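Build the full structure now, drawing on both the sequences and the hints.
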Amino acid sequence: MIKSYLFKFINLALFFTLFFGVFIAIGAQLSPPVLKTLDNAGIVFSYLLTCLSVAGAIYAVFHRYQIRKWLFRQTFENLGDSFDVAPTAIQAIIIPVSRREQPEWILRWLQPRHVAFLYTEHSKTVTEELTREFEEHVEFLHPPEAIAKNKDCLQDPYNPEKAYELAKNLIQHFINRGISPGNIFVDTTGGTVPMSVGAFQAAESTGVSSIYIVGKEKGFIKNPEKQHHGFPIFLSDHTQSAA
63 MIKSYLFKFI
73 NLALFFTLFF
83 GVFIAIGAQL
93 SPPVLKTLDN
103 AGIVFSYLLT
113 CLSVAGAIYA
123 VFHRYQIRKW
133 LFRQTFENLG
143 DSFDVAPTAI
153 QAIIIPVSRR
163 EQPEWILRWL
173 QPRHVAFLYT
183 EHSKTVTEEL
193 TREFEEHVEF
203 LHPPEAIAKN
213 KDCLQDPYNP
223 EKAYELAKNL
233 IQHFINRGIS
243 PGNIFVDTTG
253 GTVPMSVGAF
263 QAAESTGVSS
273 IYIVGKEKGF
283 IKNPEKQHHG
293 FPIFLSDHTQ
303 SAA
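Numbering (the working numbering), first residue to last: 63 to 305.
Calculated directly from the structure, the hints in this document are not laboratory data. Some clues are possibly wrong.
Quick list of in silico lysine-lysine cross-link-like pairs, BS3-like style, CA-CA up to 25 Å [unchecked claim]:
#1 K186 to K213
#2 K278 to K288
#3 K211 to K186
#4 K186 to K224
This one's a predicted model, so the numbers in the text were calculated from it and none came from an experiment.
Next comes the structure, spelled out in structure tokens:
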């Protein structure tokens, strides 16, 4: 990368040297009246440039917050790219739960080692059923008995701050167990919109990747037992930056 930048710098320096040489050569051939005209034009141009600079400065003062927001806007790595991650690298996933199909598809086809569900009172039954059915293949953070007792149950599914706090705690639990952030993922497909927003923000704040499962049937997964009914994509990829 350093060699590439050095090569570009050398080419740019050569270009400006050549341009300056041609400019001097042409100037030497011009008569004094023409040079005076060009000099006057340069003065006018400088005046206009000064006016534009002042106008730009005034605009920047009155729109400083919008400019700052644009300059420091956040970008998400590999947004929309296919989630081509080997099951061996998927060591932990946090899954918001509403319908059964989406979390079941993840358990069947992404094959995570560890799973924590972000569930509510409304989705507790589905969450408990899934932990019982897949507990021989997946290590769940909370066993069915704990879920039945509302362990880490999200009380308000429409509060993104509470969803953020709980999702962040679940992520931190896996990190404390020695799992690298690059091998932890947060699904944002299920749950309410505030739950998905909170989970995504928790992923970004802890440097882990977030994903979304695109259903093939009008955006929904009709049959989680069929792999082609779902298609995982990245919302934000931190697998390399966290490595």
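Right, here's what the structure says about each hint:
no., hint, verdict
1, K186 to K213, "holds (10 Å)"
2, K278 to K288, "holds (11 Å)"
3, K211 to K186, "holds (10 Å)"
4, K186 to K224, "holds (17 Å)"
Hint violations for this structure: none, all hints satisfied.
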